[in-house]
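Chemist: As given, the protein sequences belong to chains P and R, one line each in that order.
In this text, residue positions in the first sequence follow our numbering: the first is 1, and each later residue adds one.
In this text, residue positions in the second sequence follow our numbering: the first is 1, and each later residue adds one.
Please note that a few of the clues may not be correct.
[Claimed, not checked] Below 35 Å or equal to it, Euclidean Cα-Cα: the simulated DSBU-like pairs (lysine-lysine) are:
id	chain 1	residue 1	chain 2	residue 2
1	P	Lys37	R	Lys53
2	P	Lys5	P	Lys37
3	R	Lys3	P	Lys37
[Claimed, not checked] Some residues of chain P that are not near chain R, with every Cβ distance over 10 Å (derived):
id	residue
4	Pro9
5	Gly16
6	Met29
7	Leu34
8	Ser49
To be clear, the hints were calculated from the coordinates, so they are not data collected in a lab.
Cβ coordinates follow ideal geometry from the N, Cα and C atoms, glycine included.
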Amino acid sequence: DQQVKQNSPSLSVQEGRISILNCDYTNSMFDYFLWYKKYPAEGPTFLISISSIKDKNEDGRFTVFLNKSAKHLSLHIVPSQPGDSAVYFCAASRWTGNQFYFGTGTSLTVIP
Amino acid sequence: DVKVTQSSRYLVKRTGEKVFLECVQDMDHENMFWYRQDPGLGLRLIYFSYDVKMKEKGDIPEGYSVSREKKERFSLILESASTNQTSMYLCASRPTRGRVLGYTFGSGTRLTVV
Chain P
1 DQQVKQNSPS LSVQEGRISI LNCDYTNSMF DYFLWYKKYP AEGPTFLISI
51 SSIKDKNEDG RFTVFLNKSA KHLSLHIVPS QPGDSAVYFC AASRWTGNQF
101 YFGTGTSLTV IP
Chain R
1 DVKVTQSSRY LVKRTGEKVF LECVQDMDHE NMFWYRQDPG LGLRLIYFSY
51 DVKMKEKGDI PEGYSVSREK KERFSLILES ASTNQTSMYL CASRPTRGRV
101 LGYTFGSGTR LTVV
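Start from the sequences and build out the full structure, keeping to the hints where you can.
Modeler: Right, dumping it as structure tokens:
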């Protein structure tokens, strides 16, 4: 059973606008969340993290929001750039756990 | 620059062959993982290891085995390759303690079984 879900397989956004990628999880024990970015033929690279003691974390153009009651997190990219075109995976874990559970990914295309 | 290195970027193997995928990390991480990535299915965990000689099954271990004889090296073995094992294989490592406990991934091995 998929514990982490990304319901939008793809998203297209104009350059300069906001990209919002969504992720839902089912396990209320998850307390640490990550976003990864993946280009074709490369391994995923870490983008941003958030723990359950926060509801927001920012790093430059990237902001992750966590809504624990809804078991929902989102990644905002502002402004979007063509180089942001990639597949984005969200992942969740227990802080004390070994394993991250990944969503199925959202393919973002930023149109110049 | 810290690294997870996978020995091959692309591999083509025949059905029934025994296949070894090697992964080495230089970060002294305790935990190492093997995932496969398939379109529409995301990243699925095959096996992981939290210490030398220790291994745990992930979500899809069938048809695979692993070996971790040294802390820095984690090998994935396809005992008898089949066409449904054609996939992108990703190795990752993770520390047990630290400020950011996410994975560091290797570049991936694209395996094609013919």
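Chemist: For which of the previously enumerated hints does the structure constitute a violation, in increasing order of number?
Modeler: Hints 4, 7 and 8 contradicted; others consistent.
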